[in-house]
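Chemist: As they're listed, the protein sequences go chains A and B.
Just add 18 to the spot in the first sequence (first one is 1) and you have my numbering.
Just add 18 to the spot in the second sequence (first one is 1) and you have my numbering.
It should be emphasised that the hints constitute simulated quantities derived from the structure, not laboratory data.
Keep in mind that the hints are not guaranteed to be accurate.
It does not matter which identical chain is used: a pair holds within one copy or between any two.
[Unchecked claim] Once the Cα atoms are required to be at most 30 Å apart in a straight line, the calculated BS3-like pairs of lysine-lysine come out as:
no., residue 1, residue 2
1, Lys-160, Lys-282
2, Lys-71, Lys-321
3, Lys-47, Lys-71
4, Lys-153, Lys-311
5, Lys-321, Lys-51
6, Lys-321, Lys-311
7, Lys-392, Lys-311
8, Lys-285, Lys-160
9, Lys-263, Lys-321
10, Lys-392, Lys-47
11, Lys-150, Lys-383
12, Lys-160, Lys-311
2 protein chains.
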Amino acid sequence: MPVRLPPPNPAEIFPVPGIQIGIAQAGVKRADKDDLTVFLLDSETVVGGVFTKNRFKAAPVQICESILNAPGGANVRALVINTGNANAGTGDSGLSNARLICAELAKLLSLNPNQILPFSTGVIMEPLPFEKIIKALPAAVKAASSDVWAQAAHSIMTTDTVAKAFSQRVSLGAASLTITGIAKGAGMIHPNMATMLGYLATDAQIAPELMKPLALELANSSFNRITVDGDTSTNDSFVVMATNKAAHAPITSWSTEDGQILLKALKRVSVQLAQAIVRDAEGATKFITLNIKGGQTLEECKKVALAIAHSPLVKTAFFASDPNLGRILAAVGYAGIEDLDQSRIELYLDDVHVATSGSRHPHYKEEDGQRVMKQEEILVTVDLGRGGAEDTFWTCDLSHEYVSINADYRS
Amino acid sequence: MPVRLPPPNPAEIFPVPGIQIGIAQAGVKRADKDDLTVFLLDSETVVGGVFTKNRFKAAPVQICESILNAPGGANVRALVINTGNANAGTGDSGLSNARLICAELAKLLSLNPNQILPFSTGVIMEPLPFEKIIKALPAAVKAASSDVWAQAAHSIMTTDTVAKAFSQRVSLGAASLTITGIAKGAGMIHPNMATMLGYLATDAQIAPELMKPLALELANSSFNRITVDGDTSTNDSFVVMATNKAAHAPITSWSTEDGQILLKALKRVSVQLAQAIVRDAEGATKFITLNIKGGQTLEECKKVALAIAHSPLVKTAFFASDPNLGRILAAVGYAGIEDLDQSRIELYLDDVHVATSGSRHPHYKEEDGQRVMKQEEILVTVDLGRGGAEDTFWTCDLSHEYVSINADYRS
Numbered sequence: 019m020p021v022r023l024p025p026p027n028p029a030e031i032f033p034v035p036g037i038q039i040g041i042a043q044a045g046v047k048r049a050d051k052d053d054l055t056v057f058l059l060d061s062e063t064v065v066g067g068v069f070t071k072n073r074f075k076a077a078p079v080q081i082c083e084s085i086l087n088a089p090g091g092a093n094v095r096a097l098v099i100n101t102g103n104a105n106a107g108t109g110d111s112g113l114s115n116a117r118l119i120c121a122e123l124a125k126l127l128s129l130n131p132n133q134i135l136p137f138s139t140g141v142i143m144e145p146l147p148f149e150k151i152i153k154a155l156p157a158a159v160k161a162a163s164s165d166v167w168a169q170a171a172h173s174i175m176t177t178d179t180v181a182k183a184f185s186q187r188v189s190l191g192a193a194s195l196t197i198t199g200i201a202k203g204a205g206m207i208h209p210n211m212a213t214m215l216g217y218l219a220t221d222a223q224i225a226p227e228l229m230k231p232l233a234l235e236l237a238n239s240s241f242n243r244i245t246v247d248g249d250t251s252t253n254d255s256f257v258v259m260a261t262n263k264a265a266h267a268p269i270t271s272w273s274t275e276d277g278q279i280l281l282k283a284l285k286r287v288s289v290q291l292a293q294a295i296v297r298d299a300e301g302a303t304k305f306i307t308l309n310i311k312g313g314q315t316l317e318e319c320k321k322v323a324l325a326i327a328h329s330p331l332v333k334t335a336f337f338a339s340d341p342n343l344g345r346i347l348a349a350v351g352y353a354g355i356e357d358l359d360q361s362r363i364e365l366y367l368d369d370v371h372v373a374t375s376g377s378r379h380p381h382y383k384e385e386d387g388q389r390v391m392k393q394e395e396i397l398v399t400v401d402l403g404r405g406g407a408e409d410t411f412w413t414c415d416l417s418h419e420y421v422s423i424n425a426d427y428r429s
Numbered sequence: 019m020p021v022r023l024p025p026p027n028p029a030e031i032f033p034v035p036g037i038q039i040g041i042a043q044a045g046v047k048r049a050d051k052d053d054l055t056v057f058l059l060d061s062e063t064v065v066g067g068v069f070t071k072n073r074f075k076a077a078p079v080q081i082c083e084s085i086l087n088a089p090g091g092a093n094v095r096a097l098v099i100n101t102g103n104a105n106a107g108t109g110d111s112g113l114s115n116a117r118l119i120c121a122e123l124a125k126l127l128s129l130n131p132n133q134i135l136p137f138s139t140g141v142i143m144e145p146l147p148f149e150k151i152i153k154a155l156p157a158a159v160k161a162a163s164s165d166v167w168a169q170a171a172h173s174i175m176t177t178d179t180v181a182k183a184f185s186q187r188v189s190l191g192a193a194s195l196t197i198t199g200i201a202k203g204a205g206m207i208h209p210n211m212a213t214m215l216g217y218l219a220t221d222a223q224i225a226p227e228l229m230k231p232l233a234l235e236l237a238n239s240s241f242n243r244i245t246v247d248g249d250t251s252t253n254d255s256f257v258v259m260a261t262n263k264a265a266h267a268p269i270t271s272w273s274t275e276d277g278q279i280l281l282k283a284l285k286r287v288s289v290q291l292a293q294a295i296v297r298d299a300e301g302a303t304k305f306i307t308l309n310i311k312g313g314q315t316l317e318e319c320k321k322v323a324l325a326i327a328h329s330p331l332v333k334t335a336f337f338a339s340d341p342n343l344g345r346i347l348a349a350v351g352y353a354g355i356e357d358l359d360q361s362r363i364e365l366y367l368d369d370v371h372v373a374t375s376g377s378r379h380p381h382y383k384e385e386d387g388q389r390v391m392k393q394e395e396i397l398v399t400v401d402l403g404r405g406g407a408e409d410t411f412w413t414c415d416l417s418h419e420y421v422s423i424n425a426d427y428r429s
């Protein structure tokens, strides 16, 4: 598979009964760009979300959290998403600007403002041009249609080069359910890179109390494998919506057979979205899967994966297709496992056994490492030789293009 | 001051009585390069060292630590340093290769092998061509001279673009002491970048038991402010030598007046060396001082400084002279201070007050930020508004050149 995926085929991105999406041009940053997206949710929809752990939470994130965590529960009926400005580092005026937008949309839809979740992505610490957004809201609402998910995947993009949308159908008994998700994010080669927004919807019937833990579990199995708790942008948000339209027995536990089938399908789409973000990472030329095994705990595996994934030295070696694999061993060494025994480490590049007992494998040949490093997809396996824990993460390389994109982002 | 310093003027780098240095060409990686450096220490010299905390310690680091930590103390009389190969990730054969070199040098100098500290820097996980080094040892010993510190600063370089050497004279009563140091390292824009080697010598009389804590204290006030504990290369080493040749009352405590004078001078040279490494960082175009104040603890200040210093997004913004200062606030937000109150954060670029109470300062003008960002030296001040702790770190930007250097390092 090439690193970059082709854009989604709209014919394969299915509408989700109970959800309409409207897109408009507010001119937040520049004219002639779809930069305003509104989700309209039918009244039985239940919603769960997970948000950035950054202490600098953007204004819209603060509002989303207060709505979804309200005692008595939320009754969310719409989402409003703008690109071009993150409304982060904007203090009290940022909060009131976001609230003005929600209030205006509530008026248009005859809702209460606390039934609307706002999202923003773009430049940090500049005032949100809320008047432009408010002015474009009626057009977005008027344009609302059920079959524009692929376009919505476009309209939430910032530095993304390709839209990210995936759909899946799944049968529960006689009922056929739809799961459709879109996401944006392209700077995720380091967890602090850029805002990730993800929206996953299904017409399944799911008990409201399952939605928050569901959002958390899906994020942990997908987006949190390309990023890390506490190390996220000011605006990262992932929202799961279930419209309760499908004709099947409601899911009230994930441990039932139906629950397992549905959860697996939801995870699959979440992982597709997360991997699509890595594949579209700024300047990425390689898609790298890190399989860390032999840890005493999952936490150890994660530390090692992230030390490798965040090392600019390792990432530039992947970019250069240079099997300078000592850089990976060095990253394992400083990952923070205090009692790590370097003489137990095994390292593989795909099927090539590079290092054994912590040093170069006697049969390792540079040309074998080189062959794997030249691929667009590379599996790095590290066996820590300490226990039975194993985990998988996804990352990419660091290229000239990355520096260009981030040096020029605002110009 | 421009980011890159001029090469040291040999006339200003003073010999240290009691130390001779020999340089030779072993052809470790390529011919026609000075890649072997030997320090010969007079018999009263006392030595202290600090070494990488990476769990993957290079073979020479393991040997240095075992010699310096030996019960009964060490009696170090020589150092041997090669570039071109790090002898890291090389397992038992790496250890025995380094020991063969020490044994050969011991034979040449009529010493015991455990009186010799070995150091290597260069590519990781490739076998050390120890025969080449052993073959060149006699030439290095024969060339030994007291007045070649500036040349030695050259001969320990790898990807450095400029040699790093500083000298200072200091008077203790009637005695005039010399302090001279050299260092190499150019990849330190992130702590895991590349090997740092530092050698600091004085003819002062210092009690042997003070040397290990001295090395630690000097490293903490200099090299550890451009790097971080536990996040270092496989080979990082810093060695302090006192030849005990000068005619003054021996220093037996740092709290005496003489102790304070000497310690201050030693720190000054250490900081000059550390800052020279940042100034020569791979691809660096800006020298950035991070002053973090208002923390509850020094540890908090360090977390914030390192989050800023390690953010590729912040670093590329400095490279582009783009006052995209929200990226700094975002880094503060994910630095790991759980109860951080974003509404108390103040941010300054030099004297420009950029953010107040966690959001854009009402009088901040983009052209003022732009003016500072265009400078080659930039002071970033973050006030956390939580307490009285304050600390300073040094870093640089992330440029195209950095990617080129690290992508091409071995080719």
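Chemist: With reference to the structure, classify each hint as holding or not holding.
Modeler: Consistency of the hints with the structure:
| no. | hint | verdict |
| --- | --- | --- |
| 1 | Lys-160 - Lys-282 | neither (35 Å within a copy, 72 Å between copies) |
| 2 | Lys-71 - Lys-321 | both (18 Å within a copy, 16 Å between copies) |
| 3 | Lys-47 - Lys-71 | within (27 Å within a copy, 47 Å between copies) |
| 4 | Lys-153 - Lys-311 | neither (53 Å within a copy, 43 Å between copies) |
| 5 | Lys-321 - Lys-51 | neither (40 Å within a copy, 39 Å between copies) |
| 6 | Lys-321 - Lys-311 | both (12 Å within a copy, 29 Å between copies) |
| 7 | Lys-392 - Lys-311 | within (24 Å within a copy, 46 Å between copies) |
| 8 | Lys-285 - Lys-160 | neither (33 Å within a copy, 69 Å between copies) |
| 9 | Lys-263 - Lys-321 | neither (41 Å within a copy, 48 Å between copies) |
| 10 | Lys-392 - Lys-47 | between (39 Å within a copy, 24 Å between copies) |
| 11 | Lys-150 - Lys-383 | between (60 Å within a copy, 22 Å between copies) |
| 12 | Lys-160 - Lys-311 | neither (52 Å within a copy, 51 Å between copies) |
Checked against the numbered hints given earlier, the structure breaks hints 1, 4, 5, 8, 9, 12 and satisfies all the rest.
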